[in-house]
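> Listed here are the chains, written in short residue letters.
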Amino acid sequence: MSKHEMLGAPRGAEQSELACTINGEEMKLEVAGSKRLLSVLRDDLALTGTKRSCEIGRCGACMVLVDGKPINACLTMAYQCAGKQITTIEGIGADDGGMDPVQRAFLEEGGFQCGYCTPGMIISVKALLERSPDPSEDEMEEALSGNICRCTGYGGIKRAVERAIEWRRKAP
Amino acid sequence: MLLNRETSGKRWRIRPDGLGKVTGSLAYLTDMSASGMLYGRVLRSPHPHALILSICTEKAKQLEGVHAVLTHLDVPGLNRYGIAHQDQPVFCENKVRYVGDAVAAVAAETAELAEYALSLIEVDYELLPIVDDAELALSQDAPLLHPQGNVLHRSQFSRGQLDSGFAACSHIVEDTYFTPRQMHTYMETEGGLFVPEEDGRLTVYSPTQHGFMDRLQLSRIAAMKQERIRIVSSPIGGSFGGKDELNVQPYGALLALKTNCPVKLHHSRWESVRAGLKRHPMKIAMKTGTDASGRLLAHQVRIIADTGAYATLGAEVLNFTVEHVLGPYRYEHVEVDGYSVYTNNGMSGEFRGFGGNQAIFALEGQLDRLAEKLGMDPWELRRLNMRMPDDSGPFGQPVVVTEGAMQVWNAAEASGLWRERSMPDGDQEREPWIKVGIGSAFTMHGGGLGVGIPDPAGGRLSLAADGCIEAIFGYEEFGQGLLATLELMLIEQFGLAESDIRMIIGDTDLVPDSGSTTASRATSMMWKTLQNLKAPFTSQLLERAAVLLGKAADMLVMGAGGIYETAGRSLLLTYKELAEVEGEPISCSTAFQFPTSDTARTGAHFLYTYAAVVVKVEINQLTGRVKVLDQYHAVAAGPVMNPQGFLGQIEGGSSMALGFTVTEDAVMQQGQYMTKNLDTYLVPTIAEHRGTVTVEPIEHLPQGDSYGPRGIGEVGSVTLAPAIAAAIYKAVGIRVTKLPIEPELLQNDCAFAFAEEAVSER
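Residue numbers (full-length UniProt numbering), protein chains in the order written: chain A, 1 to 172; chain B, 1 to 762.
Be a bit skeptical, because a hint or two may be false.
Coverage of chain B stretches by chain A, computed from C-beta distances (three or more under 8 Å per stretch; other residues unrestricted) [to be verified]: (1) 179 to 191; (2) 473 to 484; (3) 626 to 637; (4) 689 to 701; (5) 746 to 753.
Keep in mind that the hints were calculated from the coordinates and are not lab data.
A virtual CB, placed ideally from N, CA and C, is assigned to each residue, including glycine.
Whole structure, please, built from the sequences with the hints as guidance.
This is how it looks when you write it as structure tokens:
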């Protein structure tokens, strides 16, 4: 028994295998079942585009797509991801390596400043437009109200969403 | 001209830091890691005020995987920090004064172990009475928080004869205004990576707004020569003033030096809340009077600011408030008395607007109340009392000639939104408990640190060996768009192409000290630097090219990709070819101070930005909630250097002002934070931003003005609050004196009765 086990320290919890797909790549990871997805992504896989901020599911900086739905990685346990398709900001681009139209719209409209909320924001917009290609203002508000941006006042973000909607409409 | 993508044309550009931000590939300093890295954590006081009787770290030290446990006994140098006044302990010795006070720090092999190690540190406290109210802290029998007393700073200003001034007044209004403990709420909490280098130097990767100030402060704490410390301070996930002061740096630095391993710290949101700075809560009492025609005669102000446990820039913030409670108006008789007071509440400090936000909320409230007494249009009352272009500054100090006040006044007066004010409802049908009103307010806001404070500026331009033109500045990018602004200035002033430019910022090993990236100063100072460097740098390049090309230097010009003949359009020589020629390196620097007024008054400003805001709000008398429908901002700050950045600063600043007005308050009781995270501390979401924001920059400067663009980083966050208060009064006849506005204030029994009736009729 090591010294810190005697003292009741965190015991490196039992590792178990997590099989899931991350950004299109099938993965088998040895992680503690109690670990959060946010930590798996940032600390184990160095996918630091997913950000850590409030850690209570309020700000949306850590949003990723799980089977196409936007979720807060800070509230998701690793074991809940078994068999799931996870897409982070690093995996959101087009298959040819180019940007997703949502990313391009944020870039061109200046829908960001410090950029720390941007990956989560783009994930939410992407999920919104997948399920509702031409959202009403109410839908947009509902879909993005879980993503806090402290810099922009949301003006640039709204313009980016409008631009993305327009591009997707024109796209073949 | 209204500012947007369409009106900006080619000047609306993709930001150089944009690609990394939208793809997630940009590594923030808190995203960094290193092999063999340890995790640092800080043990903070659970008590707002207590004596430390003993600290025992033995159990924590014995824990396997713990590499260091530090207390005040382990600080090699000065166990204090603070940008202006070093009174904040790195580690408390025998007393804690707020719930963020640090007592110990650990470095361990995992984050979990580090956290567990904190729980093994035994600290015995003896609780002391809590001073949780700034006014009580001023009373004779209040417990003393510091040996010298509870007043960090008192700032006074007077002119004329107040008594006779008020005696001559026909109308006098008196009111007291309260503003909240607003949190910066940068999305990236404080953190960073601290790396001891093989040669014994220390590299600090951690956000700050003035790398050289962090280097100076850390050198004092670690007892290391400044040159032995390298501060990498950019990019940053938001700051707004909140990362200007040291936060994790002392702990990361000392732990890394002690363990000789890289150490990472990254605050949880709760640790950021408890330890971090906030906007000073202020109580501002004002008595203001006019003659029968509405001319301001006398103005008396008393300010009490809750500065929390330690100084940081509390004194400087108060100086700013004292200047800005006078605003862009003329008075004969003035008396201002301000106190910045120590309490056991959370730390207050530097925050976008720097004490102007509180001042303008109160001052503009007074103008509105006086206008009503006079039966005068509130905007007309402002025109009547407005400063003139040649007037001296609020303290009577010489300032640059400026037409800004009249420019923004006129622009707001002519705006569509202000013209709607007599019939804000238009022909829209609304429920009877929904009321609509339009209000406006007016601001002048100083730029730079002011008289008496070192405020260095400058930068360097070089032709690098690979042919890039390097622009090197000691500034930080925390989202404001500094890099985009610099890039556009280089393109427009030197004719360069984007691909010719390399910008280097935020690294004390590579950049000159350009001063702090604060106080709305960086754009002005980069512009001035380029003005200073344009002639010498261009001539160095052209003279070298002239020799090479066998042409006269005055026949050559700089352009995209290289050197051109003045008359011709063809590229004669690329910058790369020029860089490959042997000779002295081509490089030019300039160093100067932010321009200041010729006065002895500490903190007085010389350059000001002006803003006027018109806002339309909707009040729901059942819920008491305020919804902003439309905003118009006129901003007079000289030429727009970067349209996207300008628009973003005003939109973003006004969002912060909206939170300040309607929801944001870091609530404390008995020195403890009640709002520990973003579930209870409510910043505006997209749902609060459904209306339009129209921004009108006024670029015209008086003839001969040589100061160029004024800062716009803060002014957007200042003027919305009093404009909303004015709009609320228009809509429902209720005066707001306390922010954030409590819904109860605006709920109305008649509206309830009406709603009940409507329901029962159904």
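> Quick check: the segment 746 to 753 of chain B, covered by chain A? Criterion 3+ residues, Cβ under 8 Å.
violated (count 0)
> Take the segment 626 to 637 of chain B, compare each residue's beta carbon with every beta carbon of chain A, and decide whether three or more fall closer than 8 Å.
violated (count 0)
> Take the segment 689 to 701 of chain B, compare each residue's beta carbon with every beta carbon of chain A, and decide whether three or more fall closer than 8 Å.
Result for this restraint: holds, n = 3.
> For the segment 473 to 484 of chain B, do at least 3 residues have a Cβ located nearer than 8 Å to some Cβ of chain A?
holds (count 4)
> Quick check: the segment 179 to 191 of chain B, covered by chain A? Criterion 3+ residues, Cβ under 8 Å.
holds (count 6)
Hint compliance for this structure: hints 3, 5 are not met, and every other hint is.
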